[in-house]
Structure formats: structure tokens, C-alpha cells
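Engineer: The residues making up each chain are set out below.
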Amino acid sequence: MTDPRVARLGELVVDYSLGLEPEKVLRIDAPPVAEPLAVEVYRAALAAGAHPYVDLQLERLPELLLAEANDRQLDYVSPISKAEIELVDAIVTIWSESNTRALTHADPERHQRLLGASQELAKRRWQRMSAGDLGWLGMLFPTEAHAQDAQMSLAEYESFVFRACHVEEPGDAVAHWEGVRRELGARAESLSEARELRIVGPGTDLTVGVEGRRWQPADGRYNMPDGEVYTSPLETATEGEISFVFPALFHGREVADIRLRFENGEVVAAEASRGREYLDAMLEMDDGARRLGEVAFGLNYEIDRFTQNTLFDEKIGGTMHVALGAAFEDLGGRNESGLHWDLVCDLREDGEVYADGELVWRAGRFLESAAPARV
Amino acid sequence: MSDRLRRLAEVLVGYSGGVRPGDLTVLQGPVNVEPLLEELYGAVLRAGGHPTVRCSPELDDLLFREGSERQLEWQTPGEREDIDQADVWIVVDAPSNTKALTSVDPEREALVQRARRPWRERYLERALAGELRWVLTAFPTNGAAQDAEMSLAEYERFLYGAAMLDAGDPAERWRAFSEVLGRVAEFLMTKEEIRFVAEGTDLTFAVSGARTWLASDGHENFPDGEVFTAPLDESAEGEITFTFPAVFSGRQVDDVRLRFHEGEVVEASASRGEEFLREMVALDDGARRVGELAFGLNDAVRVFTRNILFDEKIGGTMHLALGSAYSEVGGTNRSALHWDMICDLRSGGEVYADGELVYRDGRFLGLT
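Quick mapping for you: the protein sequence lines, in order, are chains A and B.
Start counting the first sequence at 1; every next residue gets the next number (the numbering used here).
Start counting the second sequence at 1001; every next residue gets the next number (the numbering used here).
Just so you know, these hints were derived from the structure itself, not from any lab.
Heads up, some of the hints might be wrong.
Restraint ranges, calculated between C-beta atoms of paired labels, are given here [what the hints assert, rightly or not]:
no., chain 1, residue 1, chain 2, residue 2, range
1, A, Tyr222, B, Ala1129, 40 to 48 Å
2, B, Glu1079, A, Asp71, 27 to 35 Å
3, B, Ala1115, A, Glu368, 40 to 48 Å
4, B, Gly1014, A, Met1, 40 to 48 Å
5, A, Asp133, B, Ser1096, 31 to 39 Å
6, B, Ala1129, A, Pro36, 54 to 62 Å
7, B, Pro1035, A, Asp133, 32 to 40 Å
8, A, Leu154, B, Glu1172, 46 to 54 Å
9, B, Ala1129, A, Tyr278, 22 to 30 Å
10, B, Glu1172, A, Arg276, 56 to 64 Å
Glycine included, every Cβ here is placed at the ideal spot set by N, Cα and C.
Pulled out of the complex, with its shape left as it was, chain A reads as follows:
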């Protein structure tokens, strides 16, 4: 028996996020544990007249590959995968896991080597996406593992996920997300006029230069759930300090109570109560790793708590996040790095944000609704 919420979610991403047209080829990448959602996306794509197929990715294979493969096998990129990436019009990635820490003990060097081998494919995928030839959406199917990370029962976590996507209750989810698109579009447009943002909160007083940078609404086109506006800040204009109360998770490792101090755009001091060495190693990765590649407002108020999953955490309504490392070129960002690590700062209790000296945000909310977007 299909969970009607899963069916609604499948329809939402096909109809709204991808806007899938007849005859388009859709690949659905998912682990077996996400099969119910993969099937509903497939069904919705059939109804749209498209040609969907499901490619299930067995979760234990990366572990086997890391344990047993020789270097040639680790570096290998299948010609089938290379050919396929040219032949699909859209991809849905369902990120669900049965165990979010399965690779915690994998050899980091071999893991890095494996990730390196997949870079060629990832690069080609981004090229086709930015040329508008390939649609893509990332989403999640609730599993026990993710519920466990969120410290919830599976039933609670399912409701959390489906609420965040606005499919928990029957109703017109597409209309809801179209409203989000208009609202975030207007917000992004008004933020694009700001030259400088000052973020003030517990342990935080950070100034970020954003003059001339374009703000982008994240409105459910590439992620579901979604709900943020983001840009890439000026590379040398970040000053002051920022504290992150949520533990920062990166590739299955946790770093807690991070505090960063910036001068001329660069991290000059970094502290953490846990995982300090890993934090330092990440900051040392390359020149760009010490600078911000992203600053963003989380605006999905149906996401009201930290769940140790970036897809959700960076969209928590009332938070801001910054990312160390790679910037978005299409928004004017120039910072280059192998790192892109999102760190979420909670501003819901007594945070304030000033745009060019004027208070625009307090306690997790913009004070004024943005002007309607010009169409």
C-alpha cells in the first residue's frame, strides 16, 4: 500500500521541480531502501509522458570497493556511465541511507581516490546542468538511519520530512511551492541591492560584503525540501566572528561548537570543542578553504530543528549559514576550493541582521516582506 504522502512527493518533484515534459528521459538514482519513493517518482514520470528508469545503487558496494579493489579498479570510470550521462535529460537523486556512518572507518586516502575518480562524471554533469541540458533534483526518503541521526522515531521523522516538503497533508503542494518561488524570488531581488550584511547573535558579530553579487532563491527546483536564498560573498570583505551552535557534520564526521574569526575575508582563528583537528585539516585543504563561498538565509519554517542532515539543516527557518570553500560562479563568486562545507548559525532566539546599517531581520524573521518580484 502506497503512503499517499510518498505519492504526493513523487508528483511534486516531477510536476513542479523538474517540470518534466513528454519524451524526456529521466533517471532515478536511489538506494533500495528508498524504493517506495523511487517507484512513485517513476509513476509520476510515466503519467507525464516521459521515459523514466530507476537505477538502484546498492549501499554496501562502496564499502566492498574500498576494501577489495586494486588501484585500477578504484580509478575506473565505466564507459557506460560516461555514455549515459550524455543521454539523460533529467536525474533525480534520492540520498537515503540505511546507515549514515557506514564509511566512518574507510581508509580516507582510498576514499579520496574513489571520489576523485567520480569527479570526471560529476564535472560533466554540472556542465550539462549549467548549460540547461540536464535537469536535476536531490531529495530524501525517510529511513530509520536518518531518523536516528535526527533523534526521532521513524514515524516522527517521516512527518518531519513530508511537512518540510509540504506533502504531509492532502492539498495543492505545487501551489504552495509556486508561492515559495514568488516570495523567495522577491527576497533575493531585494537582497541583491545590499552592499553589506552584518550578522549579530550569540557569539557572533560578522560583517560580510555582498555588493554586486546576485542572490539566488532556492525554491524547490534542485532540492526538495528547499527554502533559502543564497549568494557568494566578496572574497576579501568578511570581518569579525561567528559561532555555530549546531554541530557541523561533514562526510560523516562531527565537529562541535565551531567559532571562526575572519580578517580581510580569511579565517584567522578557529576553535571547536570537538573535532578541532578535523576542522584545522579542512581549513588547510587549499587557499580557498579559509574563505567564504556562500552566505545564505534558511527560510523553510516547516523545518524547525537540527537533524544532522545538510539538506534540511541549511534550510531551517530562522537560521543563516555560510560555507567555507567553493563559491558559485554564476552568482559572481570567485573563490575556488575543493571544499564546500555548510555551517549553520542559529539566529532564532536573539539574532539580528543589518543590511547597510539598517535592521532587516530579528529573531529569525525578516521584518518586512520583500517587494513582489518584477516578472
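Following the hints, put chain B in place on chain A, whose structure we already have.
Structural biologist: For chain B alone, coordinates are given in the frame of chain A:
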């Protein structure tokens, strides 16, 4: 269980697929064979190959019910690339429910069979050219066990017995069995005409000329055990009564009787499923002719399980397939259909080769 799975994976990768270092090896199966796909993946890695898994939910039912004709006929980019690029292709069949497609409109079924014909020809072409080694195997499921009227545990014993995984070195046992099958094929190669006689059956084929008999010894099917050929297209003459139900795409047709004249089906009847039988026979010109003629020779497969992979190998049976022939044995008949139907010869069946009795009650006389 996991030990048998590992042994199954090792013999599939080492003996059947013959995976060598550098071989791009596609491992394909539905999601309920995840444990075997994992073992295969590990075995391919250890053999130095490059495993790539093609795993999907069981979506045929949804596609047949909700898909348009264009969607039914469509081939995924992945399927096309697998067929074009793989060096080895191991396909695992493991239905959760073998009757899920029973109510599908036979015309839509025929549409899909026709659309898939070029793919089938493409991989047979690459196989014939020695570019692709493909293996079809089975994984025990409750659905398959139910069809065989066994418990899952009984069915597992049956399957692993048929695969010779129950004792000794499986690859060694398969090599020895291969020699026995080779002797039967060599013997049949010296004959020009084969006549089958059993209750309700008296059917003659010409098998001489450009046709050869091949031993099917665990390389393309696993488990395995038959010798087969493609009879001359216009030679089938007489009638045959199939003792076992004929099963195709989850549909069962009982008590099939076919009468042939000059190689073509001129009468087809069945006690159940006759309409489906007629639809399939009328699929295209080649569907009326016999594309394959074979002897089942695996004595570890004794009972009918409604799975053609096993049934056609039951020791002491013969089968023929309506539809496409294999080029590797010199066959020329072309069709989108390839439907194997089996006749038990173990009690009273006789085979005459060039007029001489060579087989009785399911055994070649003085050969096996």
C-alpha cells in the same frame, strides 16, 4: 546460505562468465537479489574485473498498466549501453511474483516483445562475435518456490543442487559435466533426421546441413545442461503434445498440442490459455516455426518448477522453441518470439536418429 551464495557467485564469475582482469562486467537483477549482487560484485573485483550493477525495482507491472505504447517500446539509455559495451553480462532472474503480469493485454505484451527484438539480436550478435559473454541465472525467491510448489528452503536445495553447489568444487564438476554434454552433441552431429515418438507425439525434424548441435554447459545459462540445435526451417512435420504447461512471461498454457506441416504450425490447441497461444504464434512470420530443438540432460533437475531456466534442462526431456533461432548453431529463423515448450520422454518416450532407436525412457542408449 551466505556460503552457498558466495560459491554461486564464484562459479558464475569464474566458470560461467570467465571474468578476466579489465573486463567490464554488468551485474543485473531486481532489488530482491541484493545479497547475490553483492557477492557477485566482490567476486568480480577479486577476478580483477570492473563490476557495474544494474538493479531496479520490479516495475514491469506498473509500466504495462500505466505506460503508453511509446513508453512500453522505449529502451533506456542504460540498457542500450550495457548491451553495446559490456564484456560480461550476468543477469539474475528472481521474480517476487511470477504471475504479476497475468492480466496484461497480450497485444501489449506482443508489442514489448517486438520492440525488444533488435536488442536481443544485438546481444546475440555480440555474443556470436565473441565480444560479449552473457549468463542468465536464478536466485531463489518465494515466488519461484511457490510456482514450483516447494517451500523456500526446499527450493533453495533444489536450485543449489541443480547448480552443483552442494558438494565438491563446483567449477570442477561443471567441467566434467561439460564433457558428457559434448559427447552427446558430437553424436547428434552425425545424424540428419530426428524423430520423437511419445504419447500424442510423432514429430520429425531435419537437422543436417549447416546446422550444428551445441552443448549448453553453464556458460550462458546457469544452472544448465542441454544440447540444442536449430532444425531446418521447413522440416518440422507431424504433431507434438507437451506434457508440461508452457509458460511465457508469467502466463501458463496447459496441454499445448501443435501440428506442423513443412515447418509451420498449422494447428495449435490448448486446454487453457489457447487465445494467448494463438496470439503468440501469430506474432510474426517466424513465430510459427521452430527455432530451437533440444534435449534436457541435467539429472539433478527432476521436477517441473514453471521456470524455463530449469524446466528445459530436466534430464530425460526434449524441448522446442517457437520463434527465433540461435545463429551460433546455424539457425536462420527470425522472430521476436522465443518460447520454449517441454515434452517429458522419461516414461515411454523414444527418439529415432536416421531411423535408428537412439534414446528411450529419457536416456541416450549407451551414451550417458
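Engineer: When the hints from earlier in the document are held up against this structure, which numbers fail?
Structural biologist: Checked against the structure, the hints that fail are numbers 3, 6, 9, while the rest are satisfied.
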